[in-house]
Amino acid sequence: MVPLLYFQLLGAALFGIGLYGVLARRSAVLIVLSIELMLNAVNINLISAASYLNGTGRFEAFDGQIIAIFVITVAAAEVGLAFAIILRMYRNRGTVNVDEINLLKW
Amino acid sequence: MLESLKGMMLTLASTVTGLRRPVTQQYPTQATPVKPRFMGFPALTWDGGVSEPYCTGCMVCIRNCPTQCMSASMMDNPKHADGDSSRRKIVDYFEINLNRCILCGICVEYCNFDAIVMSHEHEMSTYARNGDRVNLPALLDIGKKYQVKTDWVPPTVLAKQKADAAKAAADDTADASE
Amino acid sequence: MAEPAVPTAIPERADSQPVEMLLNMGPQHPSTHGVFRMVLWVDGEKIVDVEPHIGYLHRGSEKLCEGEQYHQIVTLFDRMDYIGNFNNELAYCMAVEKLMGLQVPERAEYIRVILCELNRIASHLLYVGTMGLDAGAMTPVMFSFRGRERVQALFEAVSGARLMHNYFRIGGLKEDVPDNFRQLVDELMPLLKEDVEQSDRILTFNEIFLSRLKDVSPITADEAIGLGLTGPMLRACGYEYDVRRAQPYSVYDRFDFEIPVGLDGDCWDRHWVRVQEMYQSLRIVEQAMEQLPEGPVASSLGRRLVRPPEGESYVRAENPRGEIGVYVVSDGTDRPYRLKVRPPSFCNLSALRRLLEDTWLADSVVVLGSLDIVLGEVDR
Amino acid sequence: MSFLINLAWSALGLAIMFAVLSLVVLSLVWLERKALGRLQLRFGPTRTGKFGLLQPVADAVKLILKEDIVPNDSEKAIFWVAPVIVVVSAFVIWVTIPGGENVVIKHLPLGLFYIVAFAVVGILGLVLAGWGSANKYGIMGGLRSAAQLISYEIPVVLVAAAVAILAQSLDLREIVAAQSSYPYMVVLPLGLVIFFIAGLAEVGRTPFDIYHAESEVVGGPFVEYSGAHWSVFFLAEYINTFAIAALTALLFLGGWGGPGLPDVVWFLFKTYAVILVVFWVRGTFPRLRIDQLMAFAWKVMVPLSFYTVIIAAVYRFYALPWWTLTILSLVGLGVAGWIIYRRMSAPARRVADIQRRLAARRETIASSSST
Amino acid sequence: MQLALFVIVTILTLGGALGVVATRNVVHAALFLLLSLLGAAGVYLLLFAEFLALVQVLIYGGAVIIVVLFAVMLTRSSEYPRITDNRQWPLALITAAALSVILGAAFWLAPDLATEPQAPAFTGLAASLFTKWALPFEIASLVLLVALIGAIIIARVQSSTTADNSPVEPEG
Amino acid sequence: MTIPILQIFDPATYAGNWLAVVIAIVIALAAIGGMFAGSQLLSARRRSAEKLTTYECGIPPTPFAWSNINIRFYIFAILFLIFDVEAVFLFPWAVVFMKEQAAGNPIPFYAMILFLAMLFFAVIYGWRKGVLDWQK
Amino acid sequence: MPRPRRNAPEADADPPPDPIELLSVECRATLDRAVDLLGGFSPVAGTLGDLPQVTIPSTGIVDACATCRDHEDLDCRMLLCLACVDHQERFDLVYFLQSLALEKTLVIRTAVPYDNPVVSTVTGIWPAADWYEREAHDLFGVSFSGHPDLSPLLLYPEFEGYPGRKEYDFNDYREF
Amino acid sequence: MPPQPTEIILGSGNRPGPSLLNQATDGKVPGVITTTTDQLFAMARKSSLWTLSFGLACCAIEMISTYMAHHDFDRFGVVTWPSPRQADVMIVAGTVVKKMAEPIRLLYEQMPEPKWVIAMGSCATNGGPYYRSYSVVMGVDHIIPVDVYVPGCPPRPEALLYGILKLQEKIMAEAGDRGATPQA
Ligand code: SF4
Ligand code: SF4
Ligand code: SF4
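Protein chains in written order, with numbering that gives the first Met the number 0: chain A, 0 to 105; chain B, 0 to 177; chain C, 0 to 379; chain D, 0 to 370; chain E, 0 to 171; chain F, 0 to 135; chain G, 0 to 175; chain H, 0 to 183.
Take these hints with a grain of salt, some might be off.
[Said to hold, decoys possible] No more than 27 Å apart at the CA atoms, straight line, and that leaves these computed lysine-lysine pairs for DSS-like:
1. B:Lys88 <-> B:Lys5
2. F:Lys128 <-> D:Lys298
3. B:Lys5 <-> C:Lys192
4. C:Lys45 <-> B:Lys166
5. C:Lys192 <-> B:Lys161
6. B:Lys78 <-> B:Lys88
What the hints contain is simulated information worked out from the structure, not anything from laboratory work. Bear in mind the structure is a predicted one, so any value in this text is a computation, not a measurement.
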């Protein structure tokens, strides 16, 4: 039986990696990918909590999973929009590197 | 929509006929029907009467061939010396590179001695570039096969027969009208 | 793109931002009908520009003709437009006959016309089939080749060859048609009609086919004339012009046939015109069979060496693909001094750049198919 | 322990399933060539084995024996991964596709959703294949395949949902059971048509074979693949074809239900019947162009499948008699068909126009020349 | 058994994630992301959330990755083969590591309330989604709508401007 | 070969089901691996530099400019993404709304109809905007 | 329009008739009209077989062609063919023009010198001339000034020589 | 255009290169086993000759005829694929022009082993009617090795089918006795 903690630690590690990606990478595409990682970390946490804490009365299993579904929904919407913006940025400025983009000039 | 459905009916119909009789010739198992005039590769004819080729090696065909794929040489006909044959000269050596021949039939048209025919031979794939460079005996072999297969009569003889027949017919009618 | 047919160099285009992709089609490509190559600049799926490249089948036929005797050249003409062989032979023979002032026996003329029209049908059948293939349908080509196969069987019975007939001679024919010719043709006609109808029915009005071809690369008659388009390409624009009617050669003035024309000059109209032409050709063959006179067919020259007088001649004839012109310059020897062919596909193809304006990548295939080119005569 | 035995059983079952699917693919290849042959008045393979039955075997062996080329410019990793993705996603859905009442690896309670979910992954494989080949035709084909497959995935999903609404279950066995009295083909003919057409597009068959159109993009994503890699794609393509046919049979034709014969036989019979229709369509139609294809997906298929879902739900919700649904769906079909007919036959009507105008012109010419 | 499976999916997830942040090739990054997300689906399966796992496969494995691939293709330029990291990447590393450690510690120290893992049957989840969570569900549909319209507008305005006006000169 | 399924949650069946899926993946991988390995082992090979060039109809390949792929593809991808998300909601709803209705709760039905209406509005919007037309 | 055979030796006896006399009435009319209209380009009337032919110096070719196309009496809106003939000391460029509406063919001939074969292009008048000119450039080395792109059409860029010219020998192939 | 090799490569035995297995087991496996497996493989290969769809000139028309219903290449398991990567046989049907020589060589190179070439028609064999032309390659074997020469101009479809049969014989012969080419 795998304890809840393992899942939580997995989530934390994934979140950290995602964060590193967001901070360290220059390409906007990769930053969005890293954000996806972070969102997944959150989902893992949510679902593990939902699954393990179902019986405790603090957290209903349905709720955790449903929130996760909403997270995924929002993530999908976010990906769509984010890449639309990146595309536009690329078309206008010819680059996807965030530090080459001066948003004020846009 | 309608036309598409019609098209589907058409293919269905063709399937039904296809099940009954596809148009395919089952090539290796089923003999290929070639038309009598089919021009396969050229071959030399054999005069059965005197057992010698018709060809005199006169090179007319060679000069007229658009691909220059033949060569020949001529010699005195020993049989003529013996009086067996009316041909004073006879072919000594004849070679056609069938790989280069374009089956145009010009050689046959221009030969004055009925010596060359377009045989029905056409399946002659080989493994070598000049694998179908055939010499006199081989050409005669093909020719003999063709002659047997089609009951070959020399075209000049044929034409003469025809002319005679026509003349006879004309005479007949002339007779009748008289 | 506004000016017609101005090729640019291949490697780069002037635009600073490379918004197009360079796509190379051919010489080995299933739908270039031989070894034609076009370099396309595409933006997504839209064609921005095209540069045709030909010459992958340039065999130097015109030059070779200068080195061959007149009677041997027929074989080379067979191999130029290798789908409309008889039509090509006819054009060449007429050119030399005109040069020599030869009169062709009437029966020979009729047989020539019959064979040419059958060849036109065979050629258009091939066109229909390949058009189907280009548009993605696999079965029409099978149907149309059934018809072609039947026509070819007749050709074989007549000339001894399925494709490279070498049957027309300067001043006549090589020999008379076989005795059962009439019977053969009578047997062929209903079958051929059925084949033509089937390949017509399965394709012409099919909705998908229509939507693929209709309104693709339309062209007006004026532009078509300027670009030198002839034959079905021109008629599809609604211009009723056919050399067989305008300057009747051989015995074409004795037949009653219609000249089908299109309206918009788009791919579908070209297709439709060709399909209709097949029916008209069937009519011509029928009439010619009825009128076929008896008499000699062979050339009065016999097997004598053809040695036309010094001079020049130019003849025009209607090939399946358009108008062919043969220009012969003779210097009085047994070989032509210069022989120039106006190949219909060559002119039609040179308009490709104009025709591919504002089309999709997938259309390029269809447009090329509707040109019905034969590379053998484009490149010669 | 029983759990492990269970596991062993399913492993064995899956291995058998893979073998069976391979056999099915061979049979499909043979059938396709034979069927197309007959459609086209010829025989198809005859010389390899009796009736050419060994032809697909020979093809398969030969393909394995072919050299496997990985071009220099390709992105090697992607080039290798792409076929794997395609085949895995094609095979994985067979875990839950039943071939009969009890002929199944596992009945997943979420079966239909599971199939939908994994079917989407396969699209990725094609895009990656095109991408990895670094070939222009490949990339065009990859893009086209992505655009096409995602567009037609939506009608498939929506119609599957409509069936789920009717059956009130995502379990394929229950869906088939729910059709015991009448197959859904009867109540939802619209759904059948949509599913079949979108399914054709999903497996890239004529008239939707634009992404590997030979006459345009010379094989599309597969253009650089040879030997074993290529045969893997081939395998996946046919497995997918079979899956779509099987799903059509399961969702609309009553699955394995049928009198007399064993259920597997009925299932195979129906599936192969669907496949024959696929081949028949392939032998008849030309292919669409990409803009027409996409327009068809989004302007016809998606609204129609929305309509399907809604009528199915309404029918269920208000507990209407079953023939109302039939009528509703036939109405949808009719309206869509009519609209398409009007739009697509516009050129045909223009032909009549041409002919009329030509006749008029000819008459004027005739009259002017006679005067 | 379960632990072994957990280890496998963890390796998949974290390995994929590391791949995403480490690779130099954007397409490879997308593939690594796919790996990581499929690993996460495995995690969900271990947590008895099969529906969520399938959703993960459907949305991420199918749709999102395709969107990503398209975006990558559309923005692919010569710079891609040599994508680089920020100059502050050590800083980022430290931040990320610190956060992970803090989070991990927090989880570690949190009181262990866990019971046996269990998950609801699918229908229960569905029922809850459409009753208790009906309002958020509608809001989600609005979010989707807005996202769709926004994406269309952003992408479209762009395409029409390039069609009408001369394209803006790219920089760098 | 089958295991009776339980509509209610049952961890044993659950594990069996999903392990079967995992095994399926493994088997597919193994089969492909076997094929590739067999092919590597048995296939004839003769490498040359030109064999490894990219096929381009017989012309030495020109480098591919990655820059432009029609943006239209991306819009369709977004549309697909949104519809996929919609499917996520549609499937649970499909099996549950009747049960809720039976339990006297019609809300799910109307909620979904509203949801579908909004999505359909999105399609119509895109249609009107010409997004679906794929014109240049 | 068949002419009597003239290759028989007895033709020597009477001088051959002027070929222009042998033209049909319509062709004759076309020829006269064309000579009229092209008066500014010092035209020489002649025949090509049974077709009317006007020979003009190469300098005026573009304007002459424009006249032929635009004047309603000639109306030669189609360029049928452009042939190049190598006469060893000069090249003859033969333009076959066609009026589809009036059903007339007119031949314009011009000579360019062998050592400097340059003539201006007629692509501006008939787009159809594009490939003919490229071909002539390819095979004969005739240059067309003003032509947008004279890159090799039929031959590959590395090809040396002008194979259409008489001096270019045939390939000699020896197998025997 | 790189210079054409001047010498004529006469009908070269174009056998597949060695496989890894062959390399590893060379001489270590009893001949019987390798021979039978080789023969089995050869049977598979010969029954599934996929051609590169590729027509050059007039002969291509007869080649297409061979694919069509009347002669039905499919009976022999011959189908065409547009990409050389999936092809086993290249049927060079038509005149090989110097401009086309390079593409043909490249296409041939891009075909995976084992691969065969059929020269169809006299042009592809040795220039045929164009033997005096300045721009025609005198036989495709100047560029790539050819296995079977099908004479004729154009060869009838049956002649091409016969060529395929000859090729099948050759494949079997190679498998039966490695190192010997069958007699012409
Ligand atoms: S048929 Fe023609 S090519 Fe052949 S040998 Fe006779 S003349 Fe020469
Ligand atoms: S075949 Fe006839 S033409 Fe030729 S050499 Fe013999 S006899 Fe003379
Ligand atoms: S061999 Fe004859 S038919 Fe074949 S390509 Fe050459 S000329 Fe044409």
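Check your understanding: Which hints, by number, does the structure contradict?
Key -> Numbers 1, 4, 5 - these are the hints that the structure violates, sorted from lowest upward.
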